[in-house]
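So the protein sequences, as listed, match chains A and B.
Letter by letter, the first sequence follows residues 1 to 691 of this note's numbering.
Letter by letter, the second sequence follows residues 692 to 1157 of this note's numbering.
Keep in mind that the hints were calculated from the coordinates and are not lab data.
Hints should not be assumed to be uniformly reliable.
[Claimed, not checked] Examples of chain A residues toward chain B, derived with CB under 8 Å:
(1) Leu-95
(2) Leu-511
(3) Arg-514
(4) Ala-524
(5) Arg-528
(6) Arg-562
(7) Trp-564
(8) Cys-652
[Said to hold, decoys possible] From the structure, some residues in chain A lie toward chain B, with a derived Cβ separation under 7 Å:
(9) Tyr-94
(10) Val-144
(11) Phe-499
(12) Ser-563
(13) Cys-620
(14) Asn-629
(15) Asp-631
(16) Ala-632
(17) Asp-634
Beta carbons are placed, not taken as given, at the ideal position from N, Cα and C, and that holds for glycine.
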Amino acid sequence: MSLPAAEVAADFRDALQDLRMNSRPEISNLTLIAKENTEYAQAISTELENHIRTTRPEWKLPSLYVLDSIVKNVGTPYTVYLGRNLYRTFMDAYLVVDQATRKAMEGLLRTWKQSVPESMETRPVFPANVTGDIENAVNKIRTVAAQTQVPRPMHALPARPPSNVAWRDTSTPPQNLPRYPAPNDPRRPAGFPPTPQYGASMPVATPPMPFQQQFNSPQPMSSVDLADLKAELAQLVATTQTSFAHNPADRDIQTKLQALLSLKQILDTQTLPPQQLEAVRKQVRSLAPTPAPLPAFAPPTPLQGFPQHGIPPGFPPVGALPASAPPNIAQLLAGFRPPVQTTPQPAPTPQPPTFNLADLLKRVSSPTQSSSVPAPAPFQPPPFTGFPPPITTPVPAPAAAVPPAAANPTANLAALLAQFNKPGAVPPPVPATPVQPMATPQLPPQSASSGPAPGSAEWLLAALGGTSRGTPANGTPFAAQPMARQISAPTNVLNDIEFTTASMKKPRLHLISRLYEVKPNICATCGRRFENTPEGKEKKARHMDWHFKVKDPDAAKRGVHRSWYMSEKDWIDYREVDETTPATNAATTNSVAKPKRQAKDRYVLVPQDPALQHAPCPICQEKFETQWNVDANDFVWMDALQVGGKIYHATCFEEYSKGAGIPMPSTPDSVLGKRKAENGVGVEGKKVRSF
Amino acid sequence: MISLPGLNLAAPPTETLSVPTSSITREQDLPANTEYRFEVSFSRTLTVRLRSGTAEYFGTELAPSTTYSFQGTKGAIYTWHGCKLELGGQVESDYVAEETPMMSHANLHFALEMLRDRSVVSNSVEMGPRVLVVGAENAGKTALVKTLTSYAVKSGRQPMVINLDPRQGLLSVPGSLSAAAFSSIVDIEEGWGSSPISGPSPVPVKMPLVYHYGLKDPEEGKLFKPLVTRMALAVTSRLEEDKASKQAGFVIDSSGTISAGKAGVYENIEHIVSEFSVNVLITIGSERLYSDLSRKFSNRSSDETVNVIRIDKSGGCVDRSEEYMKALRHSQIREYFFGHGEDALAPSSMTADFGDLNIFRVIENDESGFAAGDAEDYNPASTGVSIYERITPSSTLTNKLLAITTASPNDKHEVIRDSSVRGYIYVADVDEAKRKVRLLSPQPGHFPGSAMVLGSWPEDVAGLVS
Ligand SMILES: Nc1ncnc2c1ncn2[C@@H]1O[C@H](COP(=O)(O)OP(=O)(O)O)[C@@H](O)[C@H]1O
Ligand SMILES: [Mg+2]
Ligand SMILES: [Zn+2]
Ligand SMILES: [Zn+2]
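This is chain A alone, in the form it adopts within the complex (with noise of 0.2 Å):
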């Protein structure tokens, strides 16, 4: 299946164009590219620093954590691609981008001066060399910002606690969730159980997008102004200061910084009214500097050290700065212009590029950028040719339409259908035995409201509304999760197909939404789908987690065989394990179905002592078998049982404990155990040599 690597370049750099958050979905998926396209990675690494240089700067943190997840998750060849120009690709990002998303890169470069969490590697994720110059670059930036005062925060709203349930509606991870998808790392050494939280261990690895937590936290818009405008006063303050330190006989600097210092500390401590600060701001625009029209900043050799005094190229040390132009932080930021601007400026005074917090939360709150997993848009289904004409969103139920929340689910349910239903079709299926509300399909009691007729093709369209027609030209969002209940719950639309020939021919082409827009999100590497609900979110997570883990390029060459079938009464108590539920209900379906651990059944992880790993089971002495296990999400040695730094068959071994009255080693079931294996039909196994 792998393409060529102009194909696959162009694949990575479509999916990256739609990431703009913090997405982890995305994110995996982009890893997951990665990690399948090795013997492209060359390509696939120019393509993704190209991406961080080019990008607008609110979305380089996303592309710098595909960077951190492909070199922590895969690791080779892309550490060896993507390290030749990571000073670069680190520091052109650093140096425009705003304070909070300055701090997360600190946290990731952190994090890349140590080894890979749960592998075997002890080296660190890039070489010492390459994250020191980065490191020493990043201190004397911060240096020469402490000096000239450079506020901190830009937008210094308070941290969300991490724990925030609104969190949950982003994909975004909060950094105390499960990071990355633990890969079923084979690097991880043996005997550690598998941990969930990847990064567990580390410092802020991927930390919220500073946009987000704006729009977790949204301001009226006058604090917006202000803050931005105490922003633009603050890099005001610290050029001139600048100035002032290069000419301290300068008056002019002299008095101008003094003005600028006293309007900073009135904006600090007073609330002005708004025409006021206008005012303020009109003032502060006039006195900013004209932008050098410098470039993004560019060390020349950055994979070099840095010259004697530890400072990078293109960065003088600031005592020594030339008297005219002190490229400080302020003027490179001011000169850095945001390659593509969604709303036009107005304003034709070169501005500094401070992130305007009102068009931040337009952007964010535009679907295109909101929805975490936007629609690809190849993929939008072309309108319909066998449809009627989009029709208007259901009006509202009338109060007195509306069936009351009757304290018997049941009983509203049964209503609900009752009306749905039409005369002659299949009788209505209101269960003669009680009904437990969990099972019930949750009908929205404006679904049986007035417009359409309820269950006709119309009122299914309308039902389905936004979600049907794809992301119309205007950008209004798919309608979310509301459209969808409605859509899923009806039954009562499918009462008119009887079970005949002649029904079956009817055309019901309003039909096959159900099986597509209804759930509009589709796995690009699959084709599952998913509802674009939180939970369908949720599920998608979880599924690209899962892709993720069983890529295993090196699973062929692990000798990958077929498992003998299960046997019937197996079968008849295992249940279907879905990828999308949560790890912990299905640990628990699973414990429910199989309450009797056989001996057969138990097992180790592989051994990493070699010693151990060649030893044979001391009482047959025949080989382990490896093999792959879900639960242990690793490979495992089954019917193994290690007993006093020895391992052995655990049908051996009871065998053997049995005879000597030894117990079995924590097997509280092993009695059962014991009698299956007695009763057990042709387990006992024939052995036969291999050669």
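Guided by the hints, dock chain B with the ligands onto chain A, whose structure is given.
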């Protein structure tokens, strides 16, 4: 150890080298509600990639960023909304068809959904739909079963699929009968997908329950019906406890031969309907079959109605030559041992002494001296002792598949027949002088010393191992 791609190369790999010659692709536009039908031989590959729109292969949606490869396949890619496909490789033939029975297939699915919803509403007291698909060979039964399964999975259900056609395996080799619940997507490239392997799998594996039948066609005697009864028991037991499966119900795929009937009597169909409590009986194609069956089942007492429905045969269904079918069977057997495509499996080669193998060969009716050994007929050869004949390995075993059952060699024949199988081993070579057999086993290490069944089906597979 970790492999270090790219690191041990002197120079970075040149990208042009890896461009396969088959990368010359062509675009295929498909209007809404049409399908692209193709036949591709076993020695060629067709690659398909969805460029825009939506498309599905027997109900399973094509993923936007995956290129699918087909070999030895006759099939169709259908689109409800219209799409653009990127095709590569070589086909034997292909064309776009505007007339398809897909609307009927979808209607059938939605009708089944209604019954599933009812099961959910009844809190699983009612069972979901029990569907049996019948029709002549190559009528499109398997294609329909697949589409219904995919749609059900897509609708968040967990349908069970039961294969009662020994000519083509479901998650196993031909000659087997099997059942599996589908909670994850049906593989597009690998038939129904893969049964469990010892490592991770890029498409979730399915967990089949497998029985060995060992004959080409269902007879009406001592093997097929009892096996159907046994499977129905196992499936019903599972559904009793497995809510998700119970709500979704099941779909049974069948062999064309049971739809031939004898003077309008379809014993095996009736047997399946009653053992599995089938309530939706789909006939594909033949008006005659539909008429016979609807007469038969509409006259039944109405405590359990069987809805008999006829669906048109798709114009895309192609008669598959015996040669093609044989190649298909061989590829199924090969896949069992060696995996599919890039997901290669490593079976184990091993030797066994004659004494290690307890082989039971199926005695076929025509061997017993009674031309048509129906169960009702008196047959001294089938009075509970001689379903099988125990044999010593000989060179005639070469290239044959042995089913490893879960029964002990000392069990009664009925027990051996009714026991599910653990897997299959392949006899690569028999050394009569040394009394040794060279075997290919899916798994390394010991295999169960249980009874092994040898049937006349599938036929010998030459050259599975050299
Ligand atoms: N719509 C179609 N277009 C092209 N080929 C099809 C179509 N439907 C089925 N086929 C192919 O025709 C052959 C026979 O169909 P199949 O479903 O296997 O029949 P049956 O199970 O009844 O024997 C198969 O190779 C199948 O893939
Ligand atoms: Mg078939
Ligand atoms: Zn997927
Ligand atoms: Zn042992």
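Here's how the hints hold up against the structure:
1. Leu-95: Interface hint status for A:Leu-95: violated (29 Å vs cutoff 8 Å).
2. Leu-511: holds (5 Å)
3. Arg-514: Result: holds, 7 Å to nearest chain B Cβ.
4. Ala-524: holds (4 Å)
5. Arg-528: Interface hint status for A:Arg-528: holds (6 Å vs cutoff 8 Å).
6. Arg-562: holds (4 Å)
7. Trp-564: Since chain B brings a Cβ to about 4 Å from A:Trp-564, closer than 8 Å, the hint holds.
8. Cys-652: violated (12 Å)
9. Tyr-94: violated (27 Å)
10. Val-144: Check failed: Cβ of A:Val-144 comes no nearer than 38 Å to chain B, outside 7 Å.
11. Phe-499: holds (4 Å)
12. Ser-563: Since the shortest Cβ distance to chain B is 4 Å, the answer is holds.
13. Cys-620: Violated - the Cβ of A:Cys-620 stays beyond 7 Å from chain B, reaching only about 9 Å at its closest.
14. Asn-629: violated (9 Å)
15. Asp-631: violated (13 Å)
16. Ala-632: Hint violated; A:Ala-632 Cβ to chain B Cβ min 12 Å, cut 7 Å.
17. Asp-634: violated (10 Å)
Going through the hint list in order, the structure does not satisfy hints 1, 8, 9, 10, 13, 14, 15, 16, 17.
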